[in-house]
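Visitor: Chain by chain, the residues run as shown.
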Amino acid sequence: MVPRPFRIISRHRETRDTITLALMPGPDGQAFSFEPGQFNMLYLFGVGEIPVSISGDPASPRRLVHTVRAVGATSAGLCGLARGDMIGVRGPFGTAWPVADALGSDVVFVAGGLGLAPLRPAIYQVLSERKRYGRVFLLYGARGPQDILYRAELERWRRRLDVDIDITVDHATGDWHGSVGVVTEIVKRAGFDPDHAVAMICGPEIMMRFTMAALQDRGVATEQIYVSMERNMKCAIGFCGHCQFGPSFICKDGPVMRFDRIENVFSVREV
Amino acid sequence: MLDTGDKVVIDRDGLGQLLAALAADGYRVVGPTVRDRAIVYDDIASPADLPEGWTDRQDGGKYELERRGDRALFGYAVGPHSWKQFLHPPMVRLWRAERNAKGFEIEVDSDAPKFAFIGVRSCELHAIRIQDKVFLEGPAVDPHYRVRRDSAFVVAVSCGEAGGTCFCVSMGTGPGVDGGFDLALTELLDGRQDFVLEVGTAAGAAMMAEVSARPAGADDLAAADAVVARTAQRMGRTMDTEDIKGLLQRNLEHPRWDDVAARCLTCGNCTMVCPTCFCTTVEDVTDLSGDKAERVRLWDSCFTMDFSYIHGGSVRHTGRSRYRQWMTHKLASWIDQFGTSGCVGCGRCITWCPVGIDITEETRAIRETDTKQKRKGGADEDA
Amino acid sequence: MKTLDQILAEHPFFAGLEPRYLALVAGCAKNLHFEAGEYLIREGESADQFFVIRHGKVAVEVHVPGRPPVTVQTVGEGEIVGASWLLPPYRWAYDAKAIDFVRATALDAKCLREKCEEDHDLGYDLMKRFLPVVVSRLHTTRMQLLDVYGSPR
Numbered sequence: 001m002v003p004r005p006f007r008i009i010s011r012h013r014e015t016r017d018t019i020t021l022a023l024m025p026g027p028d029g030q031a032f033s034f035e036p037g038q039f040n041m042l043y044l045f046g047v048g049e050i051p052v053s054i055s056g057d058p059a060s061p062r063r064l065v066h067t068v069r070a071v072g073a074t075s076a077g078l079c080g081l082a083r084g085d086m087i088g089v090r091g092p093f094g095t096a097w098p099v100a101d102a103l104g105s106d107v108v109f110v111a112g113g114l115g116l117a118p119l120r121p122a123i124y125q126v127l128s129e130r131k132r133y134g135r136v137f138l139l140y141g142a143r144g145p146q147d148i149l150y151r152a153e154l155e156r157w158r159r160r161l162d163v164d165i166d167i168t169v170d171h172a173t174g175d176w177h178g179s180v181g182v183v184t185e186i187v188k189r190a191g192f193d194p195d196h197a198v199a200m201i202c203g204p205e206i207m208m209r210f211t212m213a214a215l216q217d218r219g220v221a222t223e224q225i226y227v228s229m230e231r232n233m234k235c236a237i238g239f240c241g242h243c244q245f246g247p248s249f250i251c252k253d254g255p256v257m258r259f260d261r262i263e264n265v266f267s268v269r270e271v
Numbered sequence: 001m002l003d004t005g006d007k008v009v010i011d012r013d014g015l016g017q018l019l020a021a022l023a024a025d026g027y028r029v030v031g032p033t034v035r036d037r038a039i040v041y042d043d044i045a046s047p048a049d050l051p052e053g054w055t056d057r058q059d060g061g062k063y064e065l066e067r068r069g070d071r072a073l074f075g076y077a078v079g080p081h082s083w084k085q086f087l088h089p090p091m092v093r094l095w096r097a098e099r100n101a102k103g104f105e106i107e108v109d110s111d112a113p114k115f116a117f118i119g120v121r122s123c124e125l126h127a128i129r130i131q132d133k134v135f136l137e138g139p140a141v142d143p144h145y146r147v148r149r150d151s152a153f154v155v156a157v158s159c160g161e162a163g164g165t166c167f168c169v170s171m172g173t174g175p176g177v178d179g180g181f182d183l184a185l186t187e188l189l190d191g192r193q194d195f196v197l198e199v200g201t202a203a204g205a206a207m208m209a210e211v212s213a214r215p216a217g218a219d220d221l222a223a224a225d226a227v228v229a230r231t232a233q234r235m236g237r238t239m240d241t242e243d244i245k246g247l248l249q250r251n252l253e254h255p256r257w258d259d260v261a262a263r264c265l266t267c268g269n270c271t272m273v274c275p276t277c278f279c280t281t282v283e284d285v286t287d288l289s290g291d292k293a294e295r296v297r298l299w300d301s302c303f304t305m306d307f308s309y310i311h312g313g314s315v316r317h318t319g320r321s322r323y324r325q326w327m328t329h330k331l332a333s334w335i336d337q338f339g340t341s342g343c344v345g346c347g348r349c350i351t352w353c354p355v356g357i358d359i360t361e362e363t364r365a366i367r368e369t370d371t372k373q374k375r376k377g378g379a380d381e382d383a
Numbered sequence: 001m002k003t004l005d006q007i008l009a010e011h012p013f014f015a016g017l018e019p020r021y022l023a024l025v026a027g028c029a030k031n032l033h034f035e036a037g038e039y040l041i042r043e044g045e046s047a048d049q050f051f052v053i054r055h056g057k058v059a060v061e062v063h064v065p066g067r068p069p070v071t072v073q074t075v076g077e078g079e080i081v082g083a084s085w086l087l088p089p090y091r092w093a094y095d096a097k098a099i100d101f102v103r104a105t106a107l108d109a110k111c112l113r114e115k116c117e118e119d120h121d122l123g124y125d126l127m128k129r130f131l132p133v134v135v136s137r138l139h140t141t142r143m144q145l146l147d148v149y150g151s152p153r
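Top to bottom, those sequences are chains E, U and V. This note's numbering puts the first residue of the first sequence at 1, with every later residue one more than the last. This note's numbering puts the first residue of the second sequence at 1, with every later residue one more than the last. This note's numbering puts the first residue of the third sequence at 1, with every later residue one more than the last.
Since the hints were made in silico from the structure, they are not lab data. Here the structure is a predicted model, which means the values were calculated and not measured. The beta carbon of each residue, even a glycine, is placed where N, CA and C say it ideally should be. Hints are supplied without guarantee of correctness; some may be wrong.
Said to hold, decoys possible - Capping the alpha-carbon separation at 25 Å, the derived lysine to any residue pairs in SDA-like fashion look like this: (1) E:188 with V:77; (2) V:2 with V:12; (3) U:330 with E:265; (4) E:188 with V:131; (5) U:330 with U:86; (6) U:245 with E:270.
Stated by the list, open to error - Quick partial rundown of chain U residues pointing at chain E, CB under 10 Å, derived from the structure: (7) 57; (8) 135; (9) 153; (10) 225; (11) 253; (12) 281; (13) 283; (14) 285; (15) 310; (16) 316.
Claimed, not checked - Not the full set, but computed from the structure, chain E residues with beta-carbon under 10 Å of chain V: (17) 71; (18) 72; (19) 141; (20) 142; (21) 144; (22) 170; (23) 171; (24) 174; (25) 175; (26) 176; (27) 177; (28) 179; (29) 189; (30) 206; (31) 237.
Here chain E stands alone, though its shape is the one from the complex:
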């Protein structure tokens, strides 16, 4: 598979090291359909290619959105691009969040740090059919107040009266009046019905591990918990072998995985 040219149509700084890019397909111009939870391989000319979750609205296929954190050469390069620049896109790859399976249940989105980005498409989809779900919760843990993504959107969602949003930071700064503490604390106090809830978790693996423990303590079954796993990826199509996690290839059996299916492997160190 060869990267397709996409052009940057807008660029928004989310935090000190995170940028959201909106892309439009190049000359062939086809709309880009994807499912929430899927990712693309983004190619920066001559530098490299990295997997980045799609963070936009599946209902807007003419605008492909990615939120990128600068942690290495390629990601920093992508964050340094300007409107009009071209990048290569391969995808979409991977499995999707269980938005349809969650119909009728309470939905609990638990995001840690940059993990809010891969969840956002699912949040959009759930909110677009809000009446078909029970209570909807967004529990979000960030490093500090300056690391909170999509602030304007969070405030818009808060103004809706049908979404419970609880945000906490690990480290506070002087003007933060919200919660300080880890995301597991807010999982403990969120008012969802454990017997009728579907949880979708995304964030650093330690955070997902502790969050799952907190959800299970609340009585949520492992078949109702979904996580987005991450591993080193090179090809994204099941050939290079890098993304293996036990018998699963994260690129095609994931990244979204139902926890009961990976529970055995998840608890083994260095798998």
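Based on these hints, arrange chains U and V on the given structure of chain E.
Guide: Chains U and V only, in chain E's frame:
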């Protein structure tokens, strides 16, 4: 004109005619030849290039060539090479890109030689089929593998010698060849030097047009069967494959992994010589101007620290975890992923391991103290 | 108008406490409220009460010279503020400030310590309630220390 399924007998001259016919038809003919004190796969032109009169002595961490008393052309087991170096090359340029006013443009190369493989063993045929499953039968198809695979002509050989580290019988992958070839040979050395040749495909039949052959008689076929039967009795190793997937998947914390970790150098030799290992990496490179870029695909090994690198560190940090990954992938996870074992019992990983680690022995050791049902935080029950 | 017994009984921290113990504890209790910005406790002061939060949010703060106070944790409805009252030298290790309007029930530490000495069963019950809170806060603190959302090294 021969037909698929026909069995004939050819002699050395006939084999020479076959190789010439393949070359004349534009094939790059590759087969076993002696180089640097090993039998490797390289370009060959005639039977004179084959390792006549050579055999090999293999054991854990040991490989030596030895002279035979006869003129056998295929009197040895497998060497460090496998056919994956041709079908799934160590280095492939995936595409080139060039910057322009609008951004950049990508161009895919699509040339590939067509290969004729001479002397493909049964274990290797199985290995090729296993890689076919990976690259051709999944949700995505590898075009580089496809073009080489589709054009490859396979002349198989049933083994007349069992290698010191061979265990194809345990894995159900040999020593007799059972399909997946254009032509298959069995070398007969009982006072003569003939080959029983079976035609596997129409392409194989067509290639026999310029090759002198006589129909195989009952005694020829019996002799060929006897060769295979004798080889099957002389396997260097055995592997108990009973519930091997369950065995390894429930023993991910078995103390044996620490034991093998103390010996394993994580050199990756096993992954290089294994005919089914397929992992690769990609490199994006540019020229000095920065305007021309290439993506190159290279063989990779799960034994490297980079392989599982993410977020500032390797997931598989210890050698223990990397050996465990290789062995459990090969013998267990592969079954979940592709429906078959990833191991064909060729023994290369045993022979070419500098410290002689033997996966048949590691499996046996784990099986001996299998934790069939482990209670949380408590005593193990006996298996 | 609810009695102190009723108020305490409804608070998650005292859930299931035997009525006679509720009465004992209520005997040491009084209701308070704090405006946003008011301090409930101050570092270094004598730990002579602890608070059961009924409404509002409290920031547990550390004063760091040259900087505005650092909030290390926030505590809300249904939770408690103050563990140092349990251990000599009975001094507060942190500041606790009301973030918004806070209603709390304050429990007199000396009064409660004496009652626990007299009746060890009451003491044991209270310890069993406090220990999970302390362990949970330790767990949370460790996760904060791990800086899981920080840049990968």
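Visitor: Hint by hint, where does the structure go against what was stated? Just the numbers, ascending.
Guide: 7, 9, 10 and 31
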